[in-house]
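*Asks:* Each chain, letter by letter, is given below.
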Amino acid sequence: MTKTNREITKSAGEHTRPNSWVDVLSQDVLDQQLGFFETRVKHPAMDRLLDDLMPLLTPHSESNIILLVGATGVGKSTLTRVLLKTLFERFSTLVQDDQTVIPLVAVEAYANGDNRHGFATLYEDMLDELMEPGQEKKAYVEVRDGRMVNRPHARRTVPALRKAVKQAVELRKTRVCVIDEAAHLMRFGKDTAVMDTLKSLSNTANVKWVLVGSFDLYDLVAEHGQIARRTAVLNLERYHLDDKEDCAAFKEVVRKLQAKWPCAEVPNFVAISDALLEVSLGCVGLLKSLMLDASAMQLRNGGKWDPIFLRKAVKANKLRELIRKEIEAGEAKVRDALHGDCLWDEKTLAELSRRMEPANV
Amino acid sequence: MSERTLFYGLPLACDGSAEVESLRSYVERLSYAHNLRPRRLVEVLLERYPVHGIGFDYATLLRHWDVHGSGKSGTQLTERLEKATLTPLGHSTLHRFAGLFPAAHFARYRDTAYCPECVAETEDPTHGRLLWEVQCVTACPKHRVLLRAAAECGAPKEERLPVNRRPAFRSVCSACGSIGFRCLTDAAIPAPIEAVRVAEHVGKMLALSDAQCAGINLASLQAGIGELVREVYGSRVANAAVDAGLSRGSVSTWVRGVNRPSLSQLVQLCLRANAELVALLAGRYERVGDNEDEFGVQAKLTDRSYVRVVMSDHDILATLDEAAKETDAPTVQTVCARIGLNPRVARAKFPVAVGRLVARCTERRVAEWNQRHEDAVVAYTKAAAALQERGATVGAKALQREARLVAFSQNPARVRALDSVLKKVAEGAERVQGDTYG
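Just so you know, the sequences run in chain order A and B.
Anchor point for the first sequence: position 27 equals 27 in the numbering used here, and the numbering is continuous, going up by one each time.
Anchor point for the second sequence: position 38 equals 399 in the numbering used here, and the numbering is continuous, going up by one each time.
Treat the hints as calculated values from the structure; they're not laboratory data.
Glycine is no exception: its CB is placed at the ideal position from the N, C-alpha and C atoms.
Careful, some of the hints might be misleading.
To be verified - Simulated pairs of lysine-lysine, BS3-like, Cα-Cα distance not exceeding 27 Å: (1) A:K315 with A:K304; (2) A:K85 with A:K256; (3) B:K784 with B:K758; (4) B:K444 with A:K173; (5) A:K163 with B:K785; (6) A:K166 with A:K137; (7) A:K244 with A:K256; (8) B:K444 with A:K166; (9) A:K199 with A:K173; (10) B:K743 with B:K710; (11) B:K444 with A:K137; (12) B:K785 with B:K743.
Stated by the list, open to error - The following residues of chain B were derived to be distant from chain A, with all beta-carbon distances above 10 Å: (13) S363; (14) E404; (15) A464; (16) S596.
What the hints assert, rightly or not - Examples of chain A residues lying across from chain B (beta carbon under 8 Å, computed): (17) T93; (18) Q96; (19) D97; (20) A111; (21) A139; (22) V141; (23) M148; (24) V149; (25) P152; (26) A164.
Could you build all of it, start to finish, from the sequences and the hints given here?
*Replies:* Structure representation (structure tokens):
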């Protein structure tokens with residue numbers, strides 16, 4: 001018989017729980033937990049995705065819009081951070097050699113409920129990232145019918161801001177623009193309008209647009225062949241319990257996180273890595289959230305571990321089921337649309353490879 | 362990321378050629394790229410790189426754009442823009458030649474000019490040439506046509522833009538916004554050969570690289586003029602001066618280093634002696650080529666023309682009298698400029714003839730003023746009638762709007778006409794009211 005939450009809380013309270021939550025909020029504790037929170041673990045699924053992504057970011061690739069999709073909690077935020085760090089290192093020489101360029105721009109598409117101003121806010125954030133001066137007092141010039149006319153009152157319109165972004169990315173020689181939480185873009189307008197906007201920006205400025213978000217992002221390209229031609233979809237895959245390699249890789253992730261455990265008493269999570277894989281649905285982000293919550297409880301408990309913390313940290317069955325269904329629906333949506341999923345199966349590819357072998361070898 | 366530049370690193374257009382972009386044009390192009398007004402761009406620039414001490418009035422600078430000559434403001438602006446864009450801008454002004462020529466009559470001030478052919482064929486409407494900013498240049502060396510004043514607009518009044526919507530670019534009419542001044546349909550006027558030669562000489566000077574400019578200074582210029590006088594005029598400086606239409610002592614003072622020649626005077630000397638200007642600056646005399654036949658008359662390039670030395674008092678008097686008889690009698694200044702005479706000298710020597718000319722000129726002006734007043738009265742009266750017909754209130758603003766004639770303070774004829782029409786309308790209304798009550 002399983003214990004109710006109340007019983008669990010009660011039994012946990014029997015331990016050396018401090019009288020007040022404030023008692024444990026010493027700077028050391030906070031620092032320890034912050035250290036664990038900021039731990040980023042690179043894992044094979046992420047490495048594979050980055051390997052696939054980097055060639056697409058070369059300036060002369062035709063895939064200008066790259067969708068990085070993944071299940072919730074699979075580690076997309078970590079992936080974005082790692083990607084930005086990698087790109088920053090890649091562009092470091094360029095940045096040092098020429099102080100006028102800003103090769104990398106990263107913004108987040110906020111969903112603040114005000115859909116009308118969604119693109120305007122996004123463009124303004126991009127202009128901030130591009131260090132555009134005098135943003136509060138812009139004066140756009142309209143060119144029409146062979147005339148140039150100042151538009152002193154048009155400084156906040158979306159077309160004017162888009163023009164400004166276009167100019168800025170061109171003149172700052174921006175190569176890659178990363179938009180996190182890009183699924184929110186769909187709330188800014190119709191799918192076609194959103195993609196057309198991105199396409200026109202990427203066409204004129206030769207910028208690679210990396211959109212990071214949930215599987216819903218795929219809806220943007222699903223019905224537009226012209227846009228699909230310029231788009232590549234990459235999925236940050238989760239780990240599966242029925243795959244031995246996945247289990248081993250997940251165990252390694254658990255080992256790395258365990259090594260950074262914020263308390264002196266370190267539970268052996270590695271031993272239960274398969275169980276952790278199952279409850280976290282193979283998502284590294286969910287695993288980390290789980291361990292973060294458990295560590296917080298242990299810290300609150302004066303650093304003493306109790307297995308009940310793990311149980312409390314795991315997502316409730318109903319919530320987990322909800323997440324699982326959403327993930328599976330998303331995976332089904334992008335199946336056969338991912339980078340590398342092509343017409344040829346393995347057998348055909350082997351045959352093609354055989355025929356492609358150079359004659360003189 | 363290490364610190365980035367404040368503005369985009371736009372390169373200076375056509376650097377190293379006669380068509381090198383001017384500093385004003387660069388500021389305007391940069392502000393266009395950043396979607397800022399030039400004034401705002403300069404404000405942002407000075408917020409980041411302030412100018413300490415006095416002497417930099419950017420409001421005046423943006424009104425008159427006197428940045429291309431040897432003034433301090435141009436250098437200060439260039440230095441700050443170079444920091445903000447990491448683009449070398451030394452060639453965008455005439456400052457690198459500042460030690461050679463006096464500041465006066467060097468760069469244009471207020472009145473800007475452009476080549477109608479260049480702006481018509483350019484793809485970049487923001488590109489203005491430094492050559493157009495040099496005061497003695499009146500022609501385009503490429504198209505051999507006269508430069509045109511940028512203040513002229515050929516669009517009808519209703520197409521003119523309100524002040525806050527007017528663009529500020531070298532190749533765009535600021536009054537109506539027409540790209541390439543297409544509002545003016547008149548054909549470009551072919552330039553006299555001497556004006557083209559002047560532009561060519563100055564163009565070559567502007568195209569000089571930093572390395573070529575390194576050896577150029579006042580001493581080298583003196584040496585160059587000295588060599589020219591020796592080679593061409595057998596060391597007779599007075600002959601050189603007279604040949605170039607300059608005062609007899611001028612070339613002598615240049616050679617001795619007492620005075621510096623203005624650019625226009627030096628170019629004039631070069632033209633007469635077929636000397637290469639850039640070689641002269643570097644201290645050498647080099648012939649351009651045998652093109653003396655092209656100059657049928659003595660080149661009149663400088664404001665200070667000494668043609669008058671060959672005119673007798675009788676001829677000057679006759680000229681003044683003839684001018685007084687013209688239908689549209691010109692001003693004394695205009696007539697004096699035609700014959701190269703100082704107006705003060707004319708007034709002192711020929712007071713009666715000048716008085717006659719002034720009287721005729723005043724008479725013409727009064728007639729013009731009265732005509733303007735009458736025209737305005739007619740227009741405002743028509744407008745008042747139209748407003749009354751529609752049952753609208755006849756006020757000063759409504760009247761001006763209806764007549765499409767603004768009565769501003771600098772046009773007293775219109776102001777007076779507006780007042781008189783309003784007065785008449787008020788009197789009419791009172792009369793009607795009186796009749797009704799009566």
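*Asks:* Against each hint, give a clear statement of whether it holds in the structure.
*Replies:* Do the hints match the structure? See the list:
For a cut-off of 27 Å, the pair hint linking K315 (chain A) to K304 (chain A) stands: about 22 Å separates their Cα positions. Restraint check for K85 (chain A) and K256 (chain A): satisfied, since their Cα atoms lie roughly 20 Å apart, inside the 27 Å limit. For the hint pairing K784 (chain B) with K758 (chain B), the CA-to-CA distance comes to about 14 Å; that is within 27 Å, so the pair holds. Only pairs whose Cα atoms come within 27 Å are accepted, and K444 (chain B) paired with K173 (chain A) is accepted, the gap being roughly 19 Å.
For the proposed pair K163 (chain A) and K785 (chain B), the alpha carbon gap of about 54 Å is over 27 Å, so the pair is violated. For the proposed pair K166 (chain A) and K137 (chain A), the alpha carbon gap of about 18 Å is at most 27 Å, so the pair holds. Under the criterion of a C-alpha separation no larger than 27 Å, the hint pairing K244 (chain A) with K256 (chain A) is consistent with the structure, at around 19 Å. A threshold of 27 Å between alpha carbons decides the hint, and for K444 (chain B) with K166 (chain A) the separation of about 24 Å falls inside it, so the pair holds.
Restraint check for K199 (chain A) and K173 (chain A): the C-alpha separation of about 17 Å stays at or below 27 Å, so the hint holds. Proposed proximity of K743 (chain B) and K710 (chain B) is contradicted: the alpha carbons are some 51 Å apart, above 27 Å. Taking the CA atoms of K444 (chain B) and K137 (chain A), the gap is near 22 Å; set against the 27 Å cutoff, the hint holds. With a CA separation close to 13 Å, the supplied pair K785 (chain B) and K743 (chain B) stays within the 27 Å bound.
The claim that S363 (chain B) is not at the interface with chain A is violated, since a C-beta of that chain comes within 10 Å of its own (minimum 7 Å). Here E404 (chain B) does not stay apart from chain A, with its beta-carbon only about 8 Å from theirs, under the 10 Å limit. Taking the minimum C-beta to C-beta distance to chain A, about 32 Å, the non-interface status of A464 (chain B) holds against the 10 Å cut. At roughly 54 Å from the closest C-beta of chain A, the C-beta of S596 (chain B) stays outside 10 Å, upholding its exclusion from the interface.
This hint is violated: T93 (chain A) has a C-beta 12 Å from the nearest C-beta of chain B, more than the 8 Å allowed. This hint holds: Q96 (chain A) has a C-beta 7 Å from the nearest C-beta of chain B, less than the 8 Å allowed. Contact between D97 (chain A) and chain B, as hinted, is not supported at the beta carbon level, the nearest pair being about 11 Å apart and thus beyond 8 Å. With 8 Å as the threshold, the beta carbon of A111 (chain A) stays out of range of chain B, its nearest partner Cβ sitting at about 27 Å, so the hint is violated.
Here the hint on A139 (chain A) is kept, as its CB sits about 5 Å from the closest CB of chain B, short of 8 Å. Evaluation of the V141 (chain A) hint against chain B yields a held restraint, the C-beta minimum of about 6 Å falling below 8 Å. The interface hint given for M148 (chain A) holds, since its Cβ lies 4 Å from the closest Cβ of chain B, which is under the 8 Å cut-off. Contact between V149 (chain A) and chain B, as hinted, is supported at the beta carbon level, the nearest pair being about 5 Å apart and thus within 8 Å.
With a cut of 8 Å, the hint placing P152 (chain A) at the interface with chain B holds, because the nearest CB-to-CB distance is about 5 Å. Here the hint on A164 (chain A) is kept, as its CB sits about 5 Å from the closest CB of chain B, short of 8 Å.
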